[in-house]
Amino acid sequence: MSELRDLYQEMVLEHARSPRNHREMPPPCHHAAGHNPLCGDKLDVYVKLDASGQRIEDVSFRGQGCAISQASASLMTETLKGKSLPEALKLGDAVHQLMTQDDAEADGLGKLVIFQGVRAFPMRVKCATLAWHTLRAALGNEPSTEPIVSTE
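So the sequence shown is numbered by numbering that gives the first Met the number 0: it starts at 0 and just counts up by one.
I should point out that these hints are in silico values taken from the structure, not numbers from a laboratory.
C-beta atoms are modelled at their ideal positions from N, C-alpha and C, and glycine is treated no differently.
Treat the hints with care, since some could be wrong.
[Unchecked claim] Calculated lysine-lysine pairs in the DSBU-like style (CA-CA distance at most 35 Å, straight line):
#  : residue 1 : residue 2
1  : Lys110    : Lys82
2  : Lys80     : Lys47
3  : Lys47     : Lys82
4  : Lys41     : Lys110
5  : Lys89     : Lys110
6  : Lys89     : Lys41
7  : Lys80     : Lys110
8  : Lys110    : Lys47
9  : Lys41     : Lys80
10 : Lys89     : Lys47
11 : Lys82     : Lys41
[To be verified] Estimated spans, in silico, between C-beta atoms of each pair:
#  : residue 1 : residue 2 : range
12 : Gly109    : His21     : 18 to 24 Å
13 : Pro25     : Pro121    : 35 to 41 Å
14 : Phe120    : Ser51     : 27 to 33 Å
15 : Glu9      : Gly52     : 34 to 40 Å
16 : Ala105    : Pro85     : 29 to 35 Å
All chains, full assembly: derive it from the sequences and hints.
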C-alpha cells in the first residue's frame with residue numbers, strides 16, 4: 000500500500016502543477032461548471048464529440064482548486080479522449096466507486112487507480128469527483144448551454 004500512496008502523491012502533485020488539457024474550448028462544445036463549496040474548488044469542463052455524437056473527440060477543463068481536484072480533472076481528460084459516451088460514464092461510475100467502496104474493482108482504470116487512496120480521506124472525495132460530476136452534467140446538455148453542478 001505504501002507504493003500506491005507514494006505513486007498517488009507523486010502523480011497528484013505532477014498533475015496539479017502541470018495539468019493536462021487545461022484550456023477553454025471554443026463552441027460548439029458541451030460545457031458545464033462545477034463547484035465544491037466545502038473546499039472552494041471551481042472548474043469548467045468542455046467536451047467536443049465526434050461527428051457521430053457518440054465518442055469524445057476532445058475534452059478539457061479550466062478552473063482553480065486544491066491539488067486533488069486539479070489532478071483528478073487532468074487525469075480524467077487524459078483518459079477520456081477517444082472513449083464512447085457509455086464508456087466515459089461507466090468509467091466515471093467506476094472511479095466514484097473506487098473512492099467510496101472498499102470492495103470496488105480497480106481493473107481497467109489505469110492511472111486512475113491512484114485515487115483509491117482518497118477513500119481514506121472522506122472529505123476529499125468531493126474534490127476528486129468534482130470533475131466527473133461536471134463531465135456528466137456537460138454530457139447531459141446541448142452544446143453551449145451552461146449548467147452549474149455542485150458536490151453538495
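Hints, verified against the model:
For the hint pairing lysine 110 with lysine 82, the CA-to-CA distance comes to about 16 Å; that is within 35 Å, so the pair holds. Between lysine 80 and lysine 47, the direct Cα distance comes to roughly 10 Å. Compliance with the 35 Å bound is thereby established for this hinted pair. Restraint check for lysine 47 and lysine 82: satisfied, since their Cα atoms lie roughly 12 Å apart, inside the 35 Å limit. Between lysine 41 and lysine 110 the alpha-carbon distance is near 23 Å, which keeps this suggested pair within the 35 Å criterion.
Distance check on the hinted pair: lysine 89 and lysine 110 sit about 16 Å apart at the alpha-carbon level, within 35 Å; holds. Proposed proximity of lysine 89 and lysine 41 is supported: the alpha carbons are some 24 Å apart, at most 35 Å. Note on lysine 80 and lysine 110: the hinted pairing holds, with a Cα-Cα distance of about 14 Å set against a maximum of 35 Å. Between lysine 110 and lysine 47, the direct Cα distance comes to roughly 23 Å. Compliance with the 35 Å bound is thereby established for this hinted pair.
Under the criterion of a C-alpha separation no larger than 35 Å, the hint pairing lysine 41 with lysine 80 is consistent with the structure, at around 22 Å. Proposed proximity of lysine 89 and lysine 47 is supported: the alpha carbons are some 18 Å apart, at most 35 Å. Distance restraint check for lysine 82 and lysine 41: the Cα-Cα separation of roughly 25 Å lies within the 35 Å cut-off, and the hinted pair is therefore satisfied. For glycine 109 and histidine 21, the hinted distance range of 18 to 24 Å is satisfied, since their beta carbons lie about 20 Å from each other.
One distance hint, 35 to 41 Å for the beta-carbon pair proline 25 and proline 121, holds here, with the actual separation near 38 Å. The hinted range of 27 to 33 Å is not satisfied by phenylalanine 120 and serine 51, whose Cβ atoms lie roughly 39 Å apart. For the hinted restraint 34 to 40 Å between glutamate 9 and glycine 52, the CB-CB distance of approximately 37 Å keeps it satisfied. Separated by about 20 Å at the C-beta atoms, alanine 105 and proline 85 break the suggested range of 29 to 35 Å.
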